[in-house]
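Chemist: Keeping the supplied structure of chain X fixed, place chain V upon it in accordance with the hints.
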Amino acid sequence: MNKSNAVSDWILLVVFSAVILTMPIWLAPFGANYPDLMQKFAIYGLFAIGFNLLFGLTGYLSFGHAAFLGVGSYAAVWSMKLLTMNVLPAVFFSVLVAGVFAFLIGYISLRRSGIYFSILTLAFAQMSYNLAYSVLTPITNGETGLQLSLSDPRVLDAAVGISTGRSLPSTNLFGVKMSGLPGFYFCAVVLIIGFFISLRIFRSPFGTMLKGIKSNQTRMAYTGLNTRPYLIWAFVISGMYAGLAGALMASTDPLAGAERMQWTASGEVVLMTILGGAGTLIGPMLGASIIKYFENIFSAFNEQTLNQAFDFLPDSIQGIVVDTVSLFVGEGWHLTLGLLFMITVIFLPGGIMEGFRRIGGIFTRNKSNTPSSGAVAEQS
Amino acid sequence: MSKKPTNDWSRRDVLKASAASAAITGAPMFFSRHAYGADFLNNPGDSKTVTLGFNVPQSGPYADEGADELRAYKLAVKHLNGEGDGGMMNTLQPSALKGNGILGKKVEYVTGDTQTKSDAARASAKRMIEKDGVVMVTGGSSSGVAIAVQGLCQDAGIIFMAGLTHSNDTTGKDKKANGFRHFFNGYMSGAALGPVLEKAYGNERRTYHLTADYTWGWTQEESIVASTEAIGWETAEKVLTPVGAGDFSQYITPVLNSGADTLILNHYGKDMVNSLTQAIQFGLKDKQVEGKDFQIIVPLYSRLMAQGAGGNAQGIFGSTNWHWSLTDAGSQAFVKSFGQEYGFPPSQAAHTCYVQTLLYADACERAGSFEPCAVVAALEGHKFDGLGNGPTEYRAEDHQCFKDVLVVKGKENPSSQFDLLEVVEVTPRAQVEYPVDHPMFAGGDLGSCNNGA
Chain X
1 MNKSNAVSDW
11 ILLVVFSAVI
21 LTMPIWLAPF
31 GANYPDLMQK
41 FAIYGLFAIG
51 FNLLFGLTGY
61 LSFGHAAFLG
71 VGSYAAVWSM
81 KLLTMNVLPA
91 VFFSVLVAGV
101 FAFLIGYISL
111 RRSGIYFSIL
121 TLAFAQMSYN
131 LAYSVLTPIT
141 NGETGLQLSL
151 SDPRVLDAAV
161 GISTGRSLPS
171 TNLFGVKMSG
181 LPGFYFCAVV
191 LIIGFFISLR
201 IFRSPFGTML
211 KGIKSNQTRM
221 AYTGLNTRPY
231 LIWAFVISGM
241 YAGLAGALMA
251 STDPLAGAER
261 MQWTASGEVV
271 LMTILGGAGT
281 LIGPMLGASI
291 IKYFENIFSA
301 FNEQTLNQAF
311 DFLPDSIQGI
321 VVDTVSLFVG
331 EGWHLTLGLL
341 FMITVIFLPG
351 GIMEGFRRIG
361 GIFTRNKSNT
371 PSSGAVAEQS
Chain V
381 MSKKPTNDWS
391 RRDVLKASAA
401 SAAITGAPMF
411 FSRHAYGADF
421 LNNPGDSKTV
431 TLGFNVPQSG
441 PYADEGADEL
451 RAYKLAVKHL
461 NGEGDGGMMN
471 TLQPSALKGN
481 GILGKKVEYV
491 TGDTQTKSDA
501 ARASAKRMIE
511 KDGVVMVTGG
521 SSSGVAIAVQ
531 GLCQDAGIIF
541 MAGLTHSNDT
551 TGKDKKANGF
561 RHFFNGYMSG
571 AALGPVLEKA
581 YGNERRTYHL
591 TADYTWGWTQ
601 EESIVASTEA
611 IGWETAEKVL
621 TPVGAGDFSQ
631 YITPVLNSGA
641 DTLILNHYGK
651 DMVNSLTQAI
661 QFGLKDKQVE
671 GKDFQIIVPL
681 YSRLMAQGAG
691 GNAQGIFGST
701 NWHWSLTDAG
711 SQAFVKSFGQ
721 EYGFPPSQAA
731 HTCYVQTLLY
741 ADACERAGSF
751 EPCAVVAALE
761 GHKFDGLGNG
771 PTEYRAEDHQ
781 CFKDVLVVKG
791 KENPSSQFDL
801 LEVVEVTPRA
811 QVEYPVDHPM
821 FAGGDLGSCN
831 NGA
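Here the protein sequences come in this chain order: X and V. According to our numbering, the first sequence is numbered sequentially starting from 1. According to our numbering, the second sequence is numbered sequentially starting from 381.
Where hints are given, some of them may not hold.
[Unchecked claim] Here are some, though not all, of the chain V residues that point toward chain X, as calculated from beta-carbon distances under 8 Å:
(1) E510
(2) K511
(3) D825
[As the list claims (entries may be wrong)] Quick list of the computed label-pair ranges, beta carbon to beta carbon:
(4) X:P349 - V:G626: 31 to 41 Å
(5) V:G626 - X:L104: 23 to 33 Å
(6) X:Q308 - V:Y722: 19 to 29 Å
Please keep in mind that the hints were generated in silico from the structure rather than gathered at the bench. Beta carbons are placed, not taken as given, at the ideal position from N, Cα and C, and that holds for glycine.
Okay, chain X solo, but in the shape it has when bound (with noise of 0.2 Å):
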C-alpha cells in the first residue's frame, strides 16, 4: 500500500459522499430528487456494495442475498413494534440477525464453489421466502407483510412516556424523523459508512486474500491455506450489509413483506452488481441507481406524458412515435432494462466502469501519449 494509494482512496471518499449527499441538488434534472427514490438509491447502492464484497471479490455468486434483506426487513420491524421506534436499535438487530442467517447459511454453502454454491444459496433464498409466505406466518404477516400497529407494546418508548395517542407513531432518530429528506440523509450517511468499510476491505490483506481466492483457489490451498474461514467471513460479511440495507428499508417505510426475499430480488442485486461493473468499488452503487432509476421513473410514464412530450411534432408522426415509445416505458420499462443489460453485457464485460475507464482512457492517451493501461483494473 503505497502512499500515492492511500491518498487517492481518501479522495475517493471525500468525491464519493459530496456526490451522495448532494443528490437532492443534482437529481432535480433527471426527476429523481423525490425523498423515496434517494432512499431507494442508497438502500439498493449498499446492498449491492455489500454484494460486490462477496461476488466482486471472491467471484462466489449468491443467488440468495434477498433472504438477508429480508430478514434484516423483519428484525427491524420487530425492533419497532416491541422495544422502540428509534431506528439505532433497528439496524443493530438487523445487522445482527442477518449476520447469524447468514453464517448458518453460509457454513453449508460454501462446502460447494461455482454452480453449485450458486443454486445453494439460491434453495436457501427459496425456503426463507416460502417460510415467510406461509408457514411462518405469525411472525412474518404472510403476503399482506408485517406492519406496525396501535397496540405494539414499543416497550422502551412506553418506559419513557413516549405516546402518540391514536396515530401510529413514525420511525425517528433520537426525535428526527425518518421519512422524507433527513430519512435520505440517514440512509446516505450509513451507506458512506458502508462504503468507507468495503474500501477498507478493498485495501487490506484480508481483501487481497479473498481475490486470491477468486484468481485461483486451488493454488491458495496448495499453499497451505485454509480458504474456507476467508470465505465464510466474506459470507457473513456481505449478508450483513444485506441486513443493513433491509433494516434502513424498514427505517424509511416500517413494513417488510416476503416478496423481498423472492428469488427476483436475488437477481436484482446480481443485476445492478453486473451492471455497474463487478469488483469494483464504484460499479455497484451505479448500478442500483440506474435499476432504481428505470423501476420507479421510467414505469410511470404514461401516454399522457408521452403525448406531452412529443407534442412539437406534427400529429401523425406524434402518433407513431408515442405508439413505439410506449412499448419501452410504463409496462415495459422491463424491454429497457433487458436491452440496456444486454447492450452493457456484450460491448462493456466490465460494466459501466469499464465504459469510464475507456473514456478515461482516451484523455489520458491524448494528453500524455502513454500506451493504453486497460489492464489497470479493480482500482475503484
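Modeler: For chain V alone, kept in the frame of chain X given last:
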C-alpha cells in the same frame, strides 16, 4: 494494488466536474421547491390543476382487472373535467359536482404499477405523493396491496380511496382514518350467498376450500365457512395456495378423493381462471359424490374472470359488487359512456374505481377543500344514490360502504362474449350488514385523520 492511478485521476476530474455543474444547474429548483406554504400535504394552493394518483396492477395475476380499473379512472377524469357525456355524474344523488374539475381545478392524473406486490405498490404510491404531489391515491386489485398502500397514505397524510379490495381486513382490523372502501367484502359475500346456496343445493354438503394465501383469501374463507356451516354444510378441508401459482393441478387432485362434494375457490383474477379451468378439466363437474352432483362455487365473481374461464363458468354461483346488465339509470349511464369510449362494457373493478373517484371529487366539493380531514368528515356517514348500487352509505365507524349485494350465476346460454353472468338475487343491505365490532372485523382502530403537514 499499487499500480499507477493515472486513469483514476482523470475520471475523478470528470466526476467532480459533472457534480459541480449539476449542482449549479439544479440549485434553483431545489430552493424553489417549497415555495408555497402548505397547511396540508400537497396542497394545490393557487395551482390551476389538481393531481390524482392511480395505482393499479399492470402486471401479475390481477393485471386484467388493473387495466380495466385504469380505463375507468381515465373516464372519470374526463367526466370530472366536463368532457364526454358525464356518465354517472348525471345520476349521482345528491351531487355537488359541477363538471369543471374539482373545486374549479382541472383534474390531472399520474399512474403507477403495483405489480401486485406491497413493496412495489408503496414505492409507486410514494413517488406519486413525494414527486407528483397527488392529493389522493386510489387503486389496488389485491387486498394485501390495498392494505399496505392504505397504511402508507395514513402515515403520509393523503386520502386513499380503495379500488377493488374484498378482504374483511381492509375496513376491519387494518382500517385507517384516511382510507375508504366502496367495494363489498368477504363477509357480505358469505351473507349473501348462504341463503341462495341453501335453496339451490340443500343442507347437506361437504365443502373443500382452495384459498389464495393472503389476507383476502383468509378472510373470505372464514366468512364463507361461517355462512355455509350456518346452513348445515360441513367443511372437509381448507387448503392454502400461493398467489399467481399458474398451475393448480396438484391442489385439485386431492379434492377428488376427499369425499367433498362442493369445491369453493377463494381465488381471484387469473388464479381463478386457472384453478376453475383445471378443476373442470379434471372432470369435477361431471362427478357424483354419494348421489349428489359435484358443485363448484366462486364466492367473488367478476365478468372479466368469467370471460377468461369461457364456458367453464356456466352454472357456477358467486357474488359480485356490480354488473353491467343492471337496469338502473346510474348503471346504464356508466355502461353507455364506458362502451362509447372503449367498445365493451365495464367490469365491477372498473365500476368501483369510477365511483370512488366521483365520490372523492364530490366530497371535496362539499367540503370546499382538498384537506384530508375535511374530506374524511365529508365522506363519513355520507348517504348517496344513483351510482349503480341503489341507496348506499359510507359508515362513519369503519369507512365501509353498505349497499345491496348481487348474487350471480354463470349463464348457461350466453348471448354475447360479455353476457356471461345472470343476476340471481339482489341481496338487500339489511341482510349483509354487520356491527362494527363483529368478530371478523375486530381488533382495528381507525385512528385519527392525518393532514400530513
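Chemist: Now, for every hint given, state plainly whether the structure supports it.
Modeler: Results of checking the hints against the structure:
Restraint check, V:E510 versus chain X: the minimum CB separation of about 4 Å is within 8 Å; hint holds. At a threshold of 8 Å, the smallest CB-CB gap from V:K511 to chain X is about 4 Å, leaving the interface hint in force. The interface hint given for V:D825 holds, since its Cβ lies 5 Å from the closest Cβ of chain X, which is under the 8 Å cut-off. A C-beta distance of roughly 35 Å is found between X:P349 and V:G626, which places it inside the suggested range of 31 to 41 Å.
V:G626 and X:L104 have their C-beta atoms about 32 Å apart, which keeps the hinted 23 to 33 Å range intact. The hinted range of 19 to 29 Å is satisfied by X:Q308 and V:Y722, whose Cβ atoms lie roughly 22 Å apart.
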